[in-house]
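Trainee: Protein sequence lines, in the order shown, are assigned to chains F and X. Quick note on numbering that gives the first Met the number 0: the first sequence kicks off at 0 and runs consecutively. Quick note on numbering that gives the first Met the number 0: the second sequence kicks off at 0 and runs consecutively.
The set of hints was computed from the structure by calculation and includes no laboratory data. Check before you lean on any hint, since a few could be wrong.
Claimed, not checked - Away from chain X, derived, C-beta distances all over 10 Å, residues of chain F:
1. E51
2. Q55
3. A70
4. T77
5. L91
6. R92
7. N95
8. L125
9. D147
10. R170
11. R173
12. A180
To be verified - Only pairs whose alpha carbons sit at most 16 Å apart, straight line, appear in this in silico EDC-like list of lysine to aspartate or glutamate:
13. F:K19 with X:D11
14. F:K115 with X:D11
15. F:K184 with X:D11
16. F:K172 with X:D11
All values reported here derive from a predicted model rather than from experimental measurement. Ideal placement from N, C-alpha and C gives every residue a C-beta, glycine not left out.
For reference, the chains in residue letters:
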Amino acid sequence: MALGISQNQRDAELLARFSKGDRAAALALTSRLAPVVFAQAFRMLGDRAEAEDVTQESLLRLWKAAPGWDATRAKITTWLYRVTSNLCIDCLRKSNRNSGDEVPEVADETPGIDLKLQATARAQALQHALQTLPDRQRQAMILRHIEDLSNPEISDIMEISVEAVESLVSRGKRALASTLAPQKKALGLEDD
Amino acid sequence: MTDKDFNYPPLDERKLGLLFNAAQQEAPEMGAEFLTRLQSQAFEAMPQEPKMAFAPEKLSLFERISDVFAQFGGWPAVACLATAGILGVVIGISPPDVVLDVTTAYFQTESLSELAGLGDETEIYWEDT
Numbered sequence: 000m001a002l003g004i005s006q007n008q009r010d011a012e013l014l015a016r017f018s019k020g021d022r023a024a025a026l027a028l029t030s031r032l033a034p035v036v037f038a039q040a041f042r043m044l045g046d047r048a049e050a051e052d053v054t055q056e057s058l059l060r061l062w063k064a065a066p067g068w069d070a071t072r073a074k075i076t077t078w079l080y081r082v083t084s085n086l087c088i089d090c091l092r093k094s095n096r097n098s099g100d101e102v103p104e105v106a107d108e109t110p111g112i113d114l115k116l117q118a119t120a121r122a123q124a125l126q127h128a129l130q131t132l133p134d135r136q137r138q139a140m141i142l143r144h145i146e147d148l149s150n151p152e153i154s155d156i157m158e159i160s161v162e163a164v165e166s167l168v169s170r171g172k173r174a175l176a177s178t179l180a181p182q183k184k185a186l187g188l189e190d191d
Numbered sequence: 000m001t002d003k004d005f006n007y008p009p010l011d012e013r014k015l016g017l018l019f020n021a022a023q024q025e026a027p028e029m030g031a032e033f034l035t036r037l038q039s040q041a042f043e044a045m046p047q048e049p050k051m052a053f054a055p056e057k058l059s060l061f062e063r064i065s066d067v068f069a070q071f072g073g074w075p076a077v078a079c080l081a082t083a084g085i086l087g088v089v090i091g092i093s094p095p096d097v098v099l100d101v102t103t104a105y106f107q108t109e110s111l112s113e114l115a116g117l118g119d120e121t122e123i124y125w126e127d128t
């Protein structure tokens with residue numbers, strides 16, 4: 000989830016204390032930021048081991064940047080999102096993964112399916128469908144519709160214009176809407 | 000694209016929104032062991048602050064006042080000084096009889112001129128009040 004401005008100010012204070020050797024600040028920062036970074040990396044890469052590697056590298060870069068961190072220049076979360084996104088893109092290019100692979104079908108609807116199971120099934124179906132998108136579209140969709148960031152924030156993270164973000168999100172939504180359409184019934188998305 | 004895909008109209012905004020909500024609720028979880036590893040990495044990467052041999056203490060207001068009074072002999076000396084001062088004010092406002100007798104005897108004179116040392120030529124007298 001996206002972090003608010005006041006949260007970023009607290010993060011900046013914690014990072015300053017981290018730079019002075021405060022172990023409690025190190026624990027607090029890691030506990031708060033690591034899950035956000037990991038979630039973004041996992042959704043981008045679809046692989047737990049790769050997501051862990053990216054998370055580790057992203058946080059290491061933050062610790063190295065800590066002593067010279069200028070709180071007035073950038074938000075820590077924005078900076079971390081950017082670093083994580085770039086590391087994920089690098090990882091995808093190295094592994095030469097092909098987007099556009101066929102999405103595995105979810106099992107047919109089971110009568111009386113538990114709501115929790117349904118939520119899990121929907122999340123998994125979306126995750127698989129995201130992997131079929133081109134890397135930059137996937138990145139924009141995750142940041143916009145799962146991390147709940149605004150288009151200007153995404154434009155800052157991806158270092159592209161706001162119009163480019165809007166275009167990526169628009170195309171990503173159309174692609175997902177088509178890809179997931181065959182699973183509408185299985186995911187309990189029938190019209191009321 | 001297979002034929003069957005043409006039979007399915009794309010999901011609308013609302014249905015896509017339901018999928019995104021599910022993804023937000025089902026955030027991928029890190030293992031506890033991985034978090035511990037990340038915390039150890041943070042400790043290792045943390046700049047080490049050199050410890051000062053004599054860390055400057057932050058003194059309270061009472062301690063700072065005590066430091067000043069120490070220049071004059073400490074709290075006992077200041078207490079004596081304060082007592083003497085208060086006593087002087089009290090005596091000045093309401094002097095005891097013995098003090099009056101002494102001062103009257105010391106300053107007793109028939110004329111102001113004598114008191115001022117100006118001689119008999121200057122006729123200045125106390126006025127009875």
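Trainee: Decide if the proposed pair is consistent with the structure: K19 (chain F) and D11 (chain X), CA atoms, cutoff 16 Å inclusive.
Mentor: violated (51 Å)
Trainee: So if I understand the rule, the pair passes when the alpha-carbon distance is 16 Å or less; does K115 (chain F) with D11 (chain X) pass?
Mentor: Violated. K115 (chain F) to D11 (chain X) sits at ~23 Å, over the 16 Å cutoff.
Trainee: Against chain X, does R173 (chain F) keep a CB gap of more than 10 Å to every residue?
Mentor: Violated, because the least Cβ-Cβ distance between R173 (chain F) and chain X comes to about 7 Å, which does not exceed 10 Å.
Trainee: If you draw a straight line from the CA of K172 (chain F) to the CA of D11 (chain X), is it 16 Å or shorter?
Mentor: holds (9 Å)
Trainee: Run the C-beta distances from D147 (chain F) to all of chain X and say if the shortest one exceeds 10 Å.
Mentor: violated (8 Å)
Trainee: Checking the smallest CB distance to chain X, is A180 (chain F) really beyond 10 Å?
Mentor: Violated: least Cβ distance 4 Å, not greater than 10 Å.
Trainee: Examine each Cβ of chain X, and state whether all of them lie more than 10 Å from the Cβ of R170 (chain F).
Mentor: holds (13 Å)
Trainee: Please confirm whether R92 (chain F) is truly not at the interface, meaning its C-beta sits more than 10 Å away from all C-beta atoms of chain X.
Mentor: About 22 Å separates R92 (chain F) from the closest Cβ of chain X, which puts it past 10 Å; holds.
Trainee: Grab the minimum beta-carbon distance between A70 (chain F) and chain X and tell me whether it stays above 10 Å.
Mentor: holds (17 Å)
Trainee: Would the non-interface assignment of L125 (chain F) survive a Cβ cutoff of 10 Å against chain X?
Mentor: Violated, because the least Cβ-Cβ distance between L125 (chain F) and chain X comes to about 5 Å, which does not exceed 10 Å.
Trainee: Since E51 (chain F) was said not to touch the interface, does its Cβ keep a gap of more than 10 Å from each Cβ of chain X?
Mentor: violated (6 Å)
Trainee: Any Cβ of chain X at or closer than 10 Å to L91 (chain F), or is the non-interface label fine?
Mentor: holds (17 Å)
Checked against the numbered hints above, the structure violates hints 1, 2, 8, 9, 11, 12, 13 and 14; every other hint is satisfied.
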